[in-house]
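Novice: Following the numbering used here, the numbering of the sequence shown begins with 1 at its first residue and continues without gaps.
For the record, the hints were derived by calculation from the structure and aren't laboratory data.
The model shown is predicted, which means the values in this text are computed figures rather than measured ones.
Incorrect hints may have been included.
Claimed, not checked - Below, in silico cross-link-like pairs of lysine-lysine (DSBU-like), each with a Cα-Cα straight-line distance of 30 Å or less:
id: 1; residue 1: 321; residue 2: 332
id: 2; residue 1: 357; residue 2: 298
id: 3; residue 1: 321; residue 2: 298
id: 4; residue 1: 332; residue 2: 356
id: 5; residue 1: 357; residue 2: 332
id: 6; residue 1: 329; residue 2: 357
id: 7; residue 1: 260; residue 2: 353
id: 8; residue 1: 353; residue 2: 298
id: 9; residue 1: 329; residue 2: 260
id: 10; residue 1: 357; residue 2: 321
id: 11; residue 1: 298; residue 2: 260
id: 12; residue 1: 260; residue 2: 356
id: 13; residue 1: 357; residue 2: 260
id: 14; residue 1: 260; residue 2: 321
id: 15; residue 1: 332; residue 2: 260
id: 16; residue 1: 329; residue 2: 298
id: 17; residue 1: 298; residue 2: 332
id: 18; residue 1: 356; residue 2: 298
id: 19; residue 1: 356; residue 2: 329
id: 20; residue 1: 356; residue 2: 321
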Amino acid sequence: MSSLASRAAVVAVLLAAAACAERPSPVEPHPPNDPTVQGAPGAAAGSISAQQARNQRLARRLALALGDAEFRAATFRALQSSRVREGKVHLQRFLAQDQGAARRRFAQLAGEPDGAVASDLEQAPQIEIYLPVPDHRRAWQGDARVLVATAERDHDVPVAFEPGGRRVLLDPDRPPATPVIALGRAETGFPEVAGPGQVEVYDEDPNGGQTGGVYPSTTTSPGLYMTYASYTEDFEGWMKGDPEFEVHILGQDGTSNAMKSYQCAGAEAGGPYTFDQNDETWSGSVLLFSQTQLDEFKAQHPDQALRVFVVEDDDSACQIKTDSARVAKLFKDLQTAYNAWTAGRDSTIFGVKNWKKATSFFSLLKSFWSWITTQDDVVGNAIEDAVVGQTWPGANWIVKGENNVTNGGIRLEMR
1 MSSLASRAAV VAVLLAAAAC AERPSPVEPH PPNDPTVQGA PGAAAGSISA QQARNQRLAR
61 RLALALGDAE FRAATFRALQ SSRVREGKVH LQRFLAQDQG AARRRFAQLA GEPDGAVASD
121 LEQAPQIEIY LPVPDHRRAW QGDARVLVAT AERDHDVPVA FEPGGRRVLL DPDRPPATPV
181 IALGRAETGF PEVAGPGQVE VYDEDPNGGQ TGGVYPSTTT SPGLYMTYAS YTEDFEGWMK
241 GDPEFEVHIL GQDGTSNAMK SYQCAGAEAG GPYTFDQNDE TWSGSVLLFS QTQLDEFKAQ
301 HPDQALRVFV VEDDDSACQI KTDSARVAKL FKDLQTAYNA WTAGRDSTIF GVKNWKKATS
361 FFSLLKSFWS WITTQDDVVG NAIEDAVVGQ TWPGANWIVK GENNVTNGGI RLEMR
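Turn these sequences into a full structure, and let the hints steer you where they fit.
Specialist: This is how it looks when you write it as structure tokens:
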């Protein structure tokens, strides 16, 4: 090779190396106008929602405040002593302590006017902070090795800040080794006290890893129960912590051609409808719809059946927030595939109560979702295994998602 060719090769290698170095990695600082940070899916590059911008400002301020040992210790104590599932802390309440002295100190440490901080906190919905990764909850002992991150929607690229204020992007699919405090719209209702017939239960993890919530008393009411649930995935990104699986009973809304949720069962449903599934598989006993509710529905809608519909909640417990058009397509596709045998009804055969297949031709669902809220993940519609022609270990109803994909199975029983 000639010397000229050799020099050209060396230059080419150096240029290639420089180009690689300029590509931002998932855990390195990104330029302020990076569209993966500034743009929501489907949005124009360089634009973010007001809530995203507000959360990023709050996350940066919290990271800067955590640079102060005293404030960091107070935050650590609050997270450790939280009796809310996953050790969550309500940010506005935390900063409102001592007639707002905590907020004023927070603003001072962030180097910003108290008025600007107070305005963001007032305009924001309820904000929660917590360490969503169990290993991080166990590892972080209140030291300065911590990040504060925020992501508006599940699986968005998290925007994170170090205590010095340095901004970095994190991998949305796997958490970093450094403990992360997530800041975002509250998924938890932060109830002041447990309701009637309920007790607050937590596991014994001393490092803020509680998986508990509000659980029902042991009283058993007649009705439709779920005793087992198993899904192919948890439908939750690591920044969102534990999954919040909910089961909704859908039926005709009045005399319209749409359905609504008559009852939700989930971690914050309350009473006998409460269960907390934090893994892909769950077993226990939870009431989905009481016999009284079944009888009332049949009296109002004698010719209609009920759907058992599973979602992974990302915003506002026990409210289905998802794209109605996507759900309508799901229901229509399942109706076509299974001749509308996509619902159920209770019956008694030879003195034995059963929950058996029934037809439903409704495809519209009232949904509360809008572009400014997080969209719930639709796990699917439960269909009796005999209709699907498929079995799922431990289950008797198959959960079918979009494109007729099997996302799991549940066991339904009448008692």
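Novice: Now look at each hint and say whether the structure bears it out.
Specialist: Okay, the hints, checked on the actual structure:
1. 321 x 332: 19 Å, holds
2. 357 x 298: Judged against 30 Å, a Cα distance of about 15 Å means the pair holds.
3. 321 x 298: OK: residue 321 and residue 298 at ~26 Å, within 30 Å.
4. 332 x 356: It holds: about 20 Å lies between the C-alpha atoms, which stays within 30 Å.
5. 357 x 332: Distance of about 17 Å is within 30 Å: holds.
6. 329 x 357: With Cα atoms ~21 Å apart, residue 329 and residue 357 stay inside 30 Å; holds.
7. 260 x 353: At roughly 25 Å apart (the allowed maximum being 30 Å), residue 353 and residue 260 satisfy the hint.
8. 353 x 298: 16 Å, holds
9. 329 x 260: Judged against 30 Å, a Cα distance of about 16 Å means the pair holds.
10. 357 x 321: Measuring from Cα to Cα gives roughly 26 Å; hence the hint holds.
11. 298 x 260: 15 Å, holds
12. 260 x 356: 21 Å, holds
13. 357 x 260: Since the Cα atoms of residue 357 and residue 260 sit roughly 19 Å apart, the hinted pair holds (cutoff 30 Å).
14. 260 x 321: The hint holds at about 12 Å.
15. 332 x 260: This hinted pair holds, its Cα atoms lying about 16 Å apart.
16. 329 x 298: Given pair residue 329, residue 298 holds - Cα atoms ~26 Å apart, limit 30 Å.
17. 298 x 332: 24 Å, holds
18. 356 x 298: Holds - the C-alpha atoms of residue 298 and residue 356 are around 15 Å apart, at most 30 Å.
19. 356 x 329: Holds - the C-alpha atoms of residue 329 and residue 356 are around 24 Å apart, at most 30 Å.
20. 356 x 321: 28 Å, holds
Hint check: no violations occur; every hint is consistent with the structure.
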